Amino acid sequence: RKEVEQDPGPFNVPEGATVAFNCTYSNSASQSFFWYRQDCRKEPKLLMSVYSSGNEDGRFTAQLNRASQYISLLIRDSKLSDSATYLCVVNNDMRFGAGTRLTVKP
Amino acid sequence: DAGVIQSPRHEVTEMGQEVTLRCKPISGHNSLFWYRQTMMRGLELLIYFNNNVPIDDSGMPEDRFSAKMPNASFSTLKIQPSEPRDSAVYFCASRRTSGGKETQYFGPGTRLLVL
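Sequence order for the protein chains is Z and E.
All the letters of the first sequence, read from the start, carry residue numbers 1 to 106 under our numbering.
All the letters of the second sequence, read from the start, carry residue numbers 1 to 115 under our numbering.
Just chain E, with the same shape it has in the complex:
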């Protein structure tokens, strides 16, 4: 099992540029989550999907952020235009609910630095 795969692992960009983060969940998992982690704000839930459908995007900071899940094996988080305050580690996680039990696994994260 390859686990949750995220790309890129590191991204350095300039303010105003578009950033696209990618996530491949674990096969068979039916929920996908995007988180952002900073020292100041901790681990924040941005958005999550159940069966490819966005359920709660209340954590998305502003309209510059958008997320899609076109199929069960791929999701993107896009920031356009990026700003220095978007610098953080972005985690994708997927979850399988089976027999009433929920098992969530995180990807290794994407470290984003916006200059």
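Okay, chain Z solo, but in the shape it has when bound:
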């Protein structure tokens, strides 16, 4: 089993939709969790860290479920500019999931 697994998508949603991605991890001792965004032919960029109590940044909400060993990213009121690949990172050695491709359409 891979350490970090993501649904590769693609997710195609209309503008204004709410979309959620999950990322499961196998190491129950994992402590650090992050979501990154990667645009086509660009480097990954940190979107947000994921804290135990969950956290929100504008239209983005990240949550951690330790019991089921997954993290989630919720995007509300999606914009065209949200189109990208979203990657989760679990644990101290920064191993990435395969990424979920999101396309927001007008």
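Please keep in mind that the hints were generated in silico from the structure rather than gathered at the bench.
Mixed in with the good hints there might be a few duds.
Reference listing, derived: stretches of chain E covered by chain Z, where coverage requires no fewer than 3 residues with Cβ under 8 Å from a Cβ of chain Z [as the list claims (entries may be wrong)]: (1) 13-19; (2) 46-56; (3) 102-112.
This structure is a prediction, so every number in the text was calculated from the model and none was measured.
A virtual CB, placed ideally from N, CA and C, is assigned to each residue, including glycine.
Keeping the supplied structure of chain Z fixed, place chain E upon it in accordance with the hints.
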């Protein structure tokens, strides 16, 4: 802040040649990571260093790959001899851990094509 600097940005070489990729991390960052990204395999961690010391090189594909970090401001990833299947984008990233928070930043990557 100049960010993570990688060179070259693009490299085209022939099979069998030696390739050296370079990375300058952000000043003050104490960890450095090398990744490889392809469509088929996604973003793979090759090796990472803490305070210039290699911690985990289990992702290094084979002996043809080697990485060094002689000081806090420079690292290299070398492929010798290179093969067509090494074609990928190679990212370097550096991280600062401060107050329990980890902030990792990526360089722009080196696009390698081995013919």
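Hints that the structure is at odds with (numbers, increasing): 1
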